[in-house]
Amino acid sequence: MDCGDSGHILLSKRVAEDLQQYGRWRPYLHDLGEVDVKHGVRVHVFNLYTDGAGNSDLPEKLRQLKPAQRPESTPAPARPAQKGEPARERISICVLPFANMSGDAEQEYFSDGISEDIITDLSKVSALHVVSRNTAFTFKGKPVDVRQVAGQLNVSHVLEGSVRKAAGRVRITAQLIDGSNDSHVWAERYDRDLNDIFALQDEISQAIVDALKVKLLPEEKKAIERHGTDNVDAYNLYLMARQSYATGFEGDGRRNEAIIRLCRRAVEIDPNYAEAWALIAMAEMLLRSTSGRDGDGGLAAAERALELSADLAEAHAVKARIFSEEKRHDEASREIETALRLDPESHQVNKCAALLRFRQQRLEECIPYFEKAVALEEGDFGSAGMLITCYTALGNREAARRAAEITLARAEKVLAHDPNNGSAMGHGSDALAVLGQGERAKDWMGRALLIDPENMTMRYNFVCALANHLNEKEAALEMLGPAFEKMGTGLINHAKIDPDLDPLREHPRFKAMLAAAERRVELTG
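7 is the number of the first residue of the sequence shown in our numbering; add one for each residue after it.
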């Protein structure tokens, strides 16, 4: 991160929280609060130091700030008051994930979606500081003490609730609780037809705002009332696809195919569903990038999303990725800057920003965005894996090791409920290699190749582990051959600049395979 001095080991809050599961790290994590890192990215930062590593001093950049400007673990200031408008004091709130009471674990995506949409709506109110979805969801499925949560997150209020969906009906209960004394500020139970879900979400958000005695600005009320669709069936399909994208891995072709099927059905029901079009664009771009799928790589779907909603950050982000794949770098940069301006807290947008900078070999600049992507989505092992690559290339082995521990923890969590997930094994094997567990890494590779032999991105990650961390160049070249025969333009371009492949780069066999892969995509493109 750009705010540290020599010797500092600065981590995002999400990374620090992941490290806390390893007991030996807990005494060495010191909260610095929220700070601005490179290019206007704002990250909650922890300083990691021990007797023999790191730097215990407050970074010079933070010491130079006036005392009132120094970061603290407190809510960010409100939107600056406009001329003639009094300043607005911010109230802070954490929306805990609503419990799924449907009696069907497969309905979890729906209760999560309701919680996420309420977080999104409340985040549009400038007088409220709303804890991020990622931080709130760390409490998912756990018994919570509201006063403890409020103290831990330094918020004044906590919202909790439950969702029951069955037979075309939905029941939502919600309680707004004062974090200082555990008293109920507001509580309500809603029993509605499922088709009324959008009006119900508006009603809940408005009730919370009213209970907190916050005045909505006209543009904020309008933003809250805007929905991507008014069709509950389309919404349901989109929620399933969104959960699949957020908790999966970009290179998983079968997952991307499923996302496209779900969202195509959603836009058949509601052709004006911009968010579904944007997710189609992302999945189509990934399929072309990783496996060479025919088509425009999602450009038409992204353009359709922006026709319907010009301010949809995710659509601008995927356009940036598409332009980057086509080496239209100036256009890609403009699109990603637009996306970051529109929604700097979007996991997808931050991940896209990181990958664009990585492709341009701007490793130091991409790290804050990968860190933020890791912070915003606890299921994202891919961005954590990319941090291994960046930190290793920059010579920061301690940070690379920490990133490997996070990657492995997340991969193991996925494999606990999905033991055949080749993508998790791909990044997990790389992490194992970094952590000195080479034999276990190779065991994962062998098992994964039996389960998912056509997953080229997984195979590519095995190559990185073998070449860069296990020093087995011949084995890496053997693994890489079949991948180069099938991978798409995006993954080939990635291989051309990936520092993980530097140990192979001057090998005649590598040069020949790369040249053959480039000729193949030129002929088929």
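Calculated directly from the structure, the hints in this document are not laboratory data.
One should not assume that every hint holds.
Think about it this way: if two alpha-carbon atoms lie no more than 27 Å apart in a straight line, the pair counts; the simulated DSS-like pairs of lysine-lysine are [claimed, not checked]:
no.: 1; residue 1: Lys448; residue 2: Lys479
no.: 2; residue 1: Lys333; residue 2: Lys502
no.: 3; residue 1: Lys448; residue 2: Lys517
no.: 4; residue 1: Lys502; residue 2: Lys492
no.: 5; residue 1: Lys517; residue 2: Lys502
no.: 6; residue 1: Lys492; residue 2: Lys333
no.: 7; residue 1: Lys479; residue 2: Lys502
no.: 8; residue 1: Lys219; residue 2: Lys333
no.: 9; residue 1: Lys517; residue 2: Lys479
no.: 10; residue 1: Lys448; residue 2: Lys419
no.: 11; residue 1: Lys502; residue 2: Lys448
no.: 12; residue 1: Lys146; residue 2: Lys130
no.: 13; residue 1: Lys148; residue 2: Lys517
no.: 14; residue 1: Lys219; residue 2: Lys130
no.: 15; residue 1: Lys419; residue 2: Lys146
no.: 16; residue 1: Lys517; residue 2: Lys492
no.: 17; residue 1: Lys517; residue 2: Lys333
no.: 18; residue 1: Lys130; residue 2: Lys228
no.: 19; residue 1: Lys479; residue 2: Lys492
no.: 20; residue 1: Lys448; residue 2: Lys492
no.: 21; residue 1: Lys221; residue 2: Lys130
The structure presented is a predicted model; accordingly, all values stated were derived computationally and were not measured.
Taking the hints in turn, this is what the structure says about them:
1. Lys448 with Lys479: 14 Å, holds
2. Lys333 with Lys502: 13 Å, holds
3. Lys448 with Lys517: 25 Å, holds
4. Lys502 with Lys492: 16 Å, holds
5. Lys517 with Lys502: It holds: about 10 Å lies between the C-alpha atoms, which stays within 27 Å.
6. Lys492 with Lys333: Holds, because 21 Å separates the two Cα atoms, which is no more than 27 Å.
7. Lys479 with Lys502: 17 Å, holds
8. Lys219 with Lys333: Violated. Lys219 to Lys333 sits at ~50 Å, over the 27 Å cutoff.
9. Lys517 with Lys479: Status holds; Cα separation ~14 Å.
10. Lys448 with Lys419: 19 Å, holds
11. Lys502 with Lys448: 24 Å, holds
12. Lys146 with Lys130: 23 Å, holds
13. Lys148 with Lys517: 52 Å, violated
14. Lys219 with Lys130: 16 Å, holds
15. Lys419 with Lys146: Holds - the C-alpha atoms of Lys146 and Lys419 are around 15 Å apart, at most 27 Å.
16. Lys517 with Lys492: 16 Å, holds
17. Lys517 with Lys333: Holds: Lys517 and Lys333 sit about 21 Å apart, inside 27 Å.
18. Lys130 with Lys228: Between Lys130 and Lys228 the Cα gap is close to 10 Å, so the pair holds against 27 Å.
19. Lys479 with Lys492: 21 Å, holds
20. Lys448 with Lys492: Between Lys448 and Lys492 the Cα gap is close to 22 Å, so the pair holds against 27 Å.
21. Lys221 with Lys130: Holds, at roughly 12 Å.
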